Amino acid sequence: MDPIIQINDLSVQFRTDTGITQALDGITFDVERGKVTAIVGESGSGKSVTANCVMRLIQPPGYITGGSIQCRPKANAAFDIVSLPDKDPLLYDLRGGTISMVFQEPMTALSPVLKVGNQISEAILCHRNVTKKQAWREASDMLEHVGIGDVERRMHMYPFEFSGGMRQRAVIAMALVCNPELLICDEPTTALDVTIQAEILTLIRDLQSELNNSVIFITHDLGVVAQIADYVVVMYQVRILEIGSVHDVLKDPLHPYTKGLLAAIPGTAPPGQRLQTISSVVDPKELETPYPLVTLNNGRKVSLPNNQIRKGT
Amino acid sequence: MKEVLLEVNNLHKSFEGVNAVDDVSFDLFRAETLGVVGESGSGKTTLARCILRAIDPDSGTIRFKSQNGWVDLHSLEENNFVPLRREMQMVFQDPFSSLNPRMTVRQIIEEPLVIHGEKDKTHRLQLVSQMLDRVQLAKNSLTRYPHAFSGGQRQRIGIARALVLNPSFIVCDESVSALDVSVQAQIINLLEDLQEELGLTYLFVAHDLAVVRHICDRVLVMRNGKVVERGNVEKVFSEPQENYTKLLLSAIPSPDPDIKLNPLDRKSLGLE
Amino acid sequence: MSDPVEATPRQLGWRRFRRHRLGFFCAMLLLAMYITAYLSDFVTPYATDTRNVSAINAPPMSIHFIDKNGQFHFRPFVYGWDRSINPDTWAREYRENPELVFPIRFFSRGEPYKLWGLIPLETHLFTVQNDQYIHLFGTDPLGRDMFSRVIHGARISLSIGLIGATLTLFFGVLLGGLSGYLGGWTDRIIQRIIEVLQSIPHLPIWMALSAALPVSWSPLLTYFGVTIILSLLAWPGLARQVRGRFLALREEEFVVAARLLGARKLRVIFRHMLPNFLSHTITIATLAVPAMILGETALSFLGIGLRPPVVSWGVLLQQAQNYQVIVMSPWLLIPGLFVVVTVMAFNLMGDGLRDAADPYSTQGQK
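Residue numbers (my numbering), protein chains in the order written: chain A, 5 to 317; chain B, 16 to 287; chain C, 223 to 588.
Just so you know, the hints here were simulated from the structure itself, not pulled from any lab data. Quick caveat: nothing in here was measured; it's all calculated off a predicted structure. Every residue, glycine too, gets a C-beta built ideally from N, C-alpha and C. Among the hints, erroneous ones may be present.
The calculated label-pair distances, taken between Cβ atoms and stated as ranges, are [said to hold, decoys possible]: (1) C:Ile504 / A:Ser47: 32 to 38 Å; (2) A:Lys136 / C:Met250: 57 to 63 Å; (3) A:Thr112 / C:Arg240: 29 to 35 Å; (4) A:Thr112 / B:Gly285: 53 to 59 Å; (5) C:Arg414 / B:Leu91: 46 to 52 Å; (6) B:Asp71 / A:Thr112: 32 to 38 Å; (7) B:Thr158 / C:Arg240: 21 to 27 Å; (8) C:Pro497 / B:Asn239: 36 to 42 Å; (9) A:Thr112 / B:Thr158: 35 to 41 Å; (10) A:Arg19 / C:Pro497: 27 to 33 Å; (11) B:Asn239 / A:Lys136: 38 to 44 Å; (12) B:Thr158 / A:Pro296: 39 to 45 Å; (13) A:Tyr67 / B:Arg45: 56 to 62 Å; (14) C:Met429 / A:Glu109: 26 to 32 Å.
List time: in silico DSSO-like cross-link candidates among lysine-lysine, alpha-carbon distance up to 30 Å [to be verified]: (15) B:Lys154 / A:Lys289; (16) A:Lys305 / B:Lys134; (17) A:Lys136 / A:Lys91; (18) A:Lys39 / B:Lys275; (19) B:Lys134 / C:Lys487.
From just these sequences and the hints, can you work out the full model?
Okay, structure coming up:
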């Protein structure tokens with residue numbers, strides 16, 4: 005096991021006029037180097053908050069109230085992202101350099117008033133000491149690499165002249181252009197059509213195996229998880245319920261919630277039958293109790309009381 | 016022979032030169048669920064809104080078998096349309112913007128009754144309470160405001176509002192697309208139960224093919240304003256004839272990690 | 223405190239407003255000012271035209287608790303003036319005379335007056351004995367008490383602001399709403415009118431219209447004339463905002479839903495659209511009040527708005543038009559201070575209202 009990120013007992017709170025909301029509660033998991041780890045959960049599970057924590061993007065009224073995020077870059081010493089002071093130069097290197105992020109809405113990740121070529125070059129110039137010409141050339145190369153044709157012309161275009169899928173490719177290019185060790189994708193295909201989603205998923209998968217970087221992929225879609233991830237972390241209401249390899253968790257789910265989630269997908273039930281809902285598969289009261297994560301023989305983790313874990317696992 | 020409820024012929028609607036709905040024709044049979052699938056820009060939402068005359072089509076005919084016989088929807092004056100609205104309703108996509116945030120749940124659900132002249136307050140309350148039961152919402156929901164409810168619960172309120180006048184025809188415009196998977200399952204089950212209970216006919220607009228396959232009997236596949244393929248849902252999904260349908264189906268990621276995602280290539284299908 | 227999930231939108235808005243401390247404080251301050259203004263006959267010791275010849279152009283008096291012997295008195299008092307003429311400048315000079323002690327009496331009888339023109343009363347909030355005098359803000363060249371005149375003047379200045387803002391709100395919502403909802407030619411014509419009105423510089427137009435008001439008009443008619451002139455240039459801004467909100471609301475799904483349920487235009491406007499932008503609009507109208515107050519003050523100051531014997535802050539400032547005044551009797555500028563405080567209070571309250579107006583703005587939507 006060679007983790008690039010180790011999250012340990014991470015907790016986040018949001019303090020507003022109406023009270024304190026727990027956004028994350030004691031989250032612990034590792035992100036394996038060179039692999040794709042998916043974080044899957046429904047709305048309110050805390051998956052996006054987790055990603056934002058790794059990039060130290062949590063701002064008041066949100067506060068990280070406990071835990072650590074160990075980052076282990078290949079070349080340098082390991083450090084705890086949570087304990088870095090706000091203006092630490094290590095953070096500036098981290099964001100866009102060691103770790104890059106791709107967001108859900110490509111239109112808001114790209115500035116509408118700058119040409120695409122300039123934006124991608126800027127990402128390079130922020131982190132490396134190269135000439136503008138050099139940066140432009142590298143940006144063009146990356147744009148071509150992510151599958152955008154007619155690159156010379158496209159570099160001079162504005163984001164609104166790109167289609168949704170193309171914009172997301174451009175954002176991926178911008179994220180990869182500094183060769184980050186970790187790429188975080190926060191629901192990058194949720195806003196895209198299904199055929200475009202398939203293309204972007206294939207792209208991310210191909211790029212990952214080519215560049216051998218690590219990926220954290222956040223989604224609510226178990227189909228996407230099955231296709232792109234090696235490991236999966238199942239979150240529900242600010243806690244982790246299950247961790248394991250994609251094969252284990254999706255083909256042989258341990259937690260009733262995971263089973264329920266799989267059963268609720270239309271298509272898994274034979275046509276004509278009612279869809280199973282979570283409440284028909286798992287007792288809501290059981291779900292509310294935060295059992296600690298228990299590590300099983302093969303490395304899988306699940307949050308269940310001991311008496312519910314199958315014998316022999 | 017199944018009874019036809021809606022006949023659409025050669026419907027056209029364009030916005031600033033772009034054909035949103037391009038020569039669309041189909042029949043809708045009573046008590047069936049007809050799916051309309053497509054990606055963004057396919058025209059499926061425009062089609063749905065044209066049928067209910069939320070937008071006016073440019074040309075073509077829409078004929079509806081109302082309780083009083085066949086009516087030409089496409090040419091009907093707004094004033095004459097109002098009584099017909101009792102028979103056809105829409106359930107919207109966004110649970111957060113489809114309910115007036117300043118009205119209580121009771122006011123929202125009884126509004127159709129008020130608009131159509133039901134003056135007896137107690138009778139209205141009775142119908143509203145019945146509807147609440149049908150969509151499985153608690154009685155104390157009546158005095159609360161939409162912001163107190165979750166997405167799934169708000170969709171139930173929207174469904175209650177659509178059904179309180181006992182329409183025969185419901186257009187579901189991406190009604191489950193904005194919901195979490197577990198909540199989506201509940202709402203799909205609800206819609207199916209209600210269909211069986213009340214004999215409803217659904218026009219189900221969606222982009223999620225798996226949902227359409229589960230809930231629909233027949234399906235229309237739309238692309239760039241045109242219907243490219245149609246038929247019984249199982250047949251279309253297992254034996255697609257058109258290249259675009261094949262492309263769509265190949266793009267769906269399966270939750271089974273052993274079934275690898277192998278999307279067909281657009282260019283090779285001639286679909287640039 | 224009740225569960226925020228259960229609160230009505232109005233309660234949510236009120237709660238948010240109260241949390242904006244500065245805005246809430248200003249709202250209370252303004253409320254106090256308006257109440258004081260409407261009870262001005264009671265609050266002030268003198269009427270607007272009562273003259274005190276022994277204190278002409280006298281400076282403000284200080285309130286004392288300890289007399290010249292060092293003795294503490296519970297009842298505060300002021301000292302009378304000793305008047306003398308400076309041999310070099312020939313100007314009147316005033317010095318406090320510790321022998322002349324005027325105790326302040328509260329809730330006691332003073333000049334008779336009619337509260338709101340109806341109820342004959344003699345009790346004032348504070349006053350001094352008949353042959354004594356008290357001038358907390360000094361006196362003007364005619365010996366009239368500035369404190370009384372400022373408070374009485376508040377009535378006019380503050381009410382013009384309110385009435386003007388109400389007129390602005392009415393016309394703004396009506397014309398902006400028609401424009402936004404009907405669209406087409408109605409929209410185009412109203413928009414052109416708005417554009418013309420907004421491109422005219424305010425002060426010259428106000429001056430021209432004011433000058434056109436017949437001098438023979440009674441003070442009351444002039445008052446209404448000025449109010450209408452002020453709102454004439456304020457409604458276009460509001461109408462534009464209302465139109466914008468209408469256009470946005472028209473596309474909201476719950477409005478489309480209402481139409482699909484069979485609701486007619488009027489019902490859609492009043493039941494669905496109006497409640498959803500009214501609080502936002504009222505906030506904007508609230509911010510129009512200070513503009514009205516400043517407008518009236520400016521016009522009256524220039525002599526083309528309200529005129530004596532009507533008393534408003536602007537009319538009072540007419541006497542402060544030359545620098546001689548500012549040097550010799552700076553207390554005549556106190557009405558200006560009141561204008562500043564009022565305008566700032568309205569602006570700060572408006573900020574608080576703006577935050578509170580949309581209770582759903584920052585709450586997470588999933």
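Between the beta carbons of B:Asn239 and A:Lys136, is the distance compatible with 38 to 44 Å?
Because 41 Å falls inside the window, the suggested range holds.
32 to 38 Å as the expected CB spacing between A:Ser47 and C:Ile504, which holds or is violated:
holds (34 Å)
Lying within 27 to 33 Å: is that true of the beta-carbon distance A:Arg19 to C:Pro497?
holds (31 Å)
Given the hinted pair A:Lys39 and B:Lys275, is their Cα-Cα distance within 30 Å?
Distance of about 17 Å is within 30 Å: holds.
Given the range 35 to 41 Å, decide if the beta-carbon distance of A:Thr112 to B:Thr158 lies inside it.
holds (38 Å)
Check the following: the C-beta atoms of B:Asp71 and A:Thr112 are separated by a distance inside 32 to 38 Å.
holds (34 Å)
Are A:Lys305 and B:Lys134 close enough, with their CA atoms no more than 30 Å apart?
violated (60 Å)
Given the hint of 36 to 42 Å, is the C-beta distance from C:Pro497 to B:Asn239 inside that range or not?
holds (40 Å)
Confirm or reject the claim that A:Thr112 and C:Arg240 have a C-beta distance inside 29 to 35 Å.
At roughly 34 Å between Cβ atoms, C:Arg240 and A:Thr112 fall inside 29 to 35 Å, so the hint holds.
Cβ distance range 56 to 62 Å for A:Tyr67 and B:Arg45, holds or violated
Between A:Tyr67 and B:Arg45, where Cβ atoms are some 58 Å apart, the hint holds.
Hint consistency between B:Lys134 and C:Lys487 [alpha-carbon to alpha-carbon, up to 30 Å]:
holds (20 Å)
Taking 57 to 63 Å as the stated bounds, is the beta-carbon spacing between A:Lys136 and C:Met250 within them?
holds (59 Å)
In terms of the numbered hints stated before, the structure departs from hints 4, 5, 14 and 16, listed from lowest to highest.
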